[in-house]
Structure formats: C-alpha cells, structure tokens
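Chemist: What follows is each chain in one-letter form.
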Amino acid sequence: EPEVTQTPSHQVTQMGQEVILRCVPISNHLYFYWYRQILGQKVEFLVSFYNNEISEKSEIFDDQFSVERPDGSNFTLKIRSTKLEDSAMYFCASSVGIPYGYTFGSGTRLTVV
Amino acid sequence: AQTVTQSQPEMSVQEAETVTLSCTYDTSESNYYLFWYKQPPSRQMILVIRQEAYKQQNATENRFSVNFQKAAKSFSLKISDSQLGDTAMYFCAFLLGGAQKLVFGQGTRLTINP
Numbered sequence: 001e002p003e004v005t006q007t008p009s010h011q012v013t014q015m016g017q018e019v020i021l022r023c024v025p026i027s028n029h030l031y032f033y034w035y036r037q038i039l040g041q042k043v044e045f046l047v048s049f050y051n052n053e054i055s056e057k058s059e060i061f062d063d064q065f066s067v068e069r070p071d072g073s074n075f076t077l078k079i080r081s082t083k084l085e086d087s088a089m090y091f092c093a094s095s096v097g098i099p100y101g102y103t104f105g106s107g108t109r110l111t112v113v
Numbered sequence: 001a002q003t004v005t006q007s008q009p010e011m012s013v014q015e016a017e018t019v020t021l022s023c024t025y026d027t028s029e030s031n032y033y034l035f036w037y038k039q040p041p042s043r044q045m046i047l048v049i050r051q052e053a054y055k056q057q058n059a060t061e062n063r064f065s066v067n068f069q070k071a072a073k074s075f076s077l078k079i080s081d082s083q084l085g086d087t088a089m090y091f092c093a094f095l096l097g098g099a100q101k102l103v104f105g106q107g108t109r110l111t112i113n114p
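As you go down the protein sequences, you meet chains A and B in turn. Taking the numbering used here, the leading residue of the first sequence gets 1, the next gets one more, and so forth. Taking the numbering used here, the leading residue of the second sequence gets 1, the next gets one more, and so forth.
Heads up, some of the hints might be wrong.
[What the hints assert, rightly or not] With a Cα cut of at most 35 angstroms, we get these calculated DSBU-like pairs of lysine-lysine:
(1) B:Lys55 to B:Lys78
(2) A:Lys78 to A:Lys42
(3) A:Lys57 to B:Lys55
(4) B:Lys78 to A:Lys83
(5) B:Lys70 to B:Lys55
(6) A:Lys57 to A:Lys78
(7) B:Lys55 to B:Lys73
(8) A:Lys78 to B:Lys70
(9) A:Lys57 to A:Lys42
(10) A:Lys42 to B:Lys78
(11) B:Lys55 to A:Lys42
(12) A:Lys83 to A:Lys42
(13) A:Lys57 to B:Lys73
(14) A:Lys57 to B:Lys78
(15) A:Lys83 to A:Lys57
(16) B:Lys73 to A:Lys42
Simulated from the structure, these hints should not be mistaken for lab results.
Given the sequences, and given the hints that come with them, work out the whole structure.
Modeler: Below, the structure is given as structure tokens:
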C-alpha cells in the first residue's frame, strides 16, 4: 500500500537553528499538508499546498515557517529559527482529493533544546 | 468555526468486548465529512473510517462502524470484538466540504486489556 514517507523520524536542534523536515507524498496525490501535535495535545493544522502554492494556512504558520515542493516528489517544511515551543510531532499528509481523507506519514519528532 | 469534542479522555475494555467512542461536532454547514483516525504508540495517524454527511447510511469497515446522527451532530465509533492491537489514541476529525483543513478532537485513549 502506498505510503507517505517522512524523514528524519527524530530531530534534535538547538533553539535558533533552522530545520527542514522532509516528506515524500504518495505519487498521484495532489494535495499536501503539514500538521503538528504538541505532546499530549490535539493535532493542529499548519498549512495546505496545492498546485505549487499554499492554499490555506493557520495562524500558527507565521513567517518562521515555509513550505516548498522543490522537485516532483519531495515536500518540505522549514522552520527558520526554532523556538522551544516548536517542539512537537510534525505530520505530513497527502490526499488525492478532499473527500477521501488524508494519508498521514509516520511523523517527525522535533525536539528544540 | 467548526469544533470537534471528544468527551471521553480515556477508556478501557477487555479483549473481545465492544466499545463505543463518542464524538460531537459543531457546524452550521450541511456539506462536510467526518473521520476517525487511530494513533497507536508508534504515533502514526491511520485512517479508520470516513463518513460523508449527505449519506444517511452509517459507514462500516470490518469491525469498525459509526453511528452518525446528523441532527444531533454526533459521530460515534463502535469497535466490535476488540483486539489488543486496537489499543491506541483515537481522534475524531471534521472536514468542511471544499475546505482544506481537518479539525481534530482532543482524542480518546483506548486500552484493550487481555
């Protein structure tokens, strides 16, 4: 069964450093997303991406965050200057179309120290 | 704004029993979709079942079924013949038709005991 692949599975970074989280969505999917889950809390929407541009973003997704699809397969989330409160599980997801639900990746656990 | 509420933070049942997880949501729209996701200890989010709001028939997937009560804005998940592998966090989620983002509930931690 096709999977959404995320790398790395765990990343530790120092406060103020830039991090790039990587995702390979399912190949025939058109919609791409990033969500995050702070430990013990609900899953929160960050951003959606369609047709090579951001289609929707949340208030969490401020100027410190950016997304990119640098080639035909990868989808990345960059955090420019990490803060302690950015520590969370980050999930990438993709969808062939809105009503069918998403396929999530297994997540990247980001720890900012 | 749409909200999703799961009123049971934790539940625990014996293996082979049937368990029902509750979910209510709030929306003034008529076109939307509802989902249950499972998050086992591995933390991956796995789609369990989905329901289109325009369909009156309740969705089923093997041992998993939903009770969708549109007027009451309720979307509960029933797991029959529960198995140890069903132990996980379960999230109810709402997607407005034409929108992009899933809105998640707080989750219910389900433990299946041997």
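Chemist: Work down the list of hints and note, for each, if the structure agrees.
Modeler: To see whether the hints hold, each was checked on the structure:
This hinted pair checks out: lysine 55 (chain B) and lysine 78 (chain B) have alpha carbons roughly 18 angstroms apart, not beyond 35 angstroms. In summary, the hint linking lysine 78 (chain A) to lysine 42 (chain A) is supported, as the alpha carbons are separated by about 22 angstroms, within the 35 angstroms threshold. Using a Cα cut-off of 35 angstroms, the hinted pair lysine 57 (chain A) and lysine 55 (chain B) holds, with the two alpha carbons roughly 29 angstroms apart. For the suggested pair lysine 78 (chain B) and lysine 83 (chain A), the alpha carbons sit about 40 angstroms apart, so the restraint of at most 35 angstroms is broken.
The suggested pairing of lysine 70 (chain B) with lysine 55 (chain B) holds, with an alpha-carbon distance near 10 angstroms, which does not exceed 35 angstroms. Between lysine 57 (chain A) and lysine 78 (chain A), the direct Cα distance comes to roughly 14 angstroms. Compliance with the 35 angstroms bound is thereby established for this hinted pair. The hinted pair formed by lysine 55 (chain B) and lysine 73 (chain B) meets the criterion: a straight-line CA distance of about 14 angstroms does not exceed 35 angstroms. Distance check on the hinted pair: lysine 78 (chain A) and lysine 70 (chain B) sit about 40 angstroms apart at the alpha-carbon level, beyond 35 angstroms; violated.
Of the pairs offered as hints, the one joining lysine 57 (chain A) and lysine 42 (chain A) holds, with about 17 angstroms between alpha carbons and a cut-off of 35 angstroms not exceeded. Restraint check for lysine 42 (chain A) and lysine 78 (chain B): satisfied, since their Cα atoms lie roughly 21 angstroms apart, inside the 35 angstroms limit. Using a Cα cut-off of 35 angstroms, the hinted pair lysine 55 (chain B) and lysine 42 (chain A) holds, with the two alpha carbons roughly 27 angstroms apart. Only pairs whose Cα atoms come within 35 angstroms are accepted, and lysine 83 (chain A) paired with lysine 42 (chain A) is accepted, the gap being roughly 19 angstroms.
For the proposed pair lysine 57 (chain A) and lysine 73 (chain B), the alpha carbon gap of about 26 angstroms is at most 35 angstroms, so the pair holds. Restraint check for lysine 57 (chain A) and lysine 78 (chain B): the C-alpha separation of about 33 angstroms stays at or below 35 angstroms, so the hint holds. Only pairs whose Cα atoms come within 35 angstroms are accepted, and lysine 83 (chain A) paired with lysine 57 (chain A) is accepted, the gap being roughly 19 angstroms. Using a Cα cut-off of 35 angstroms, the hinted pair lysine 73 (chain B) and lysine 42 (chain A) holds, with the two alpha carbons roughly 20 angstroms apart.
In summary, the numbered hints that this structure violates are 4 and 8.
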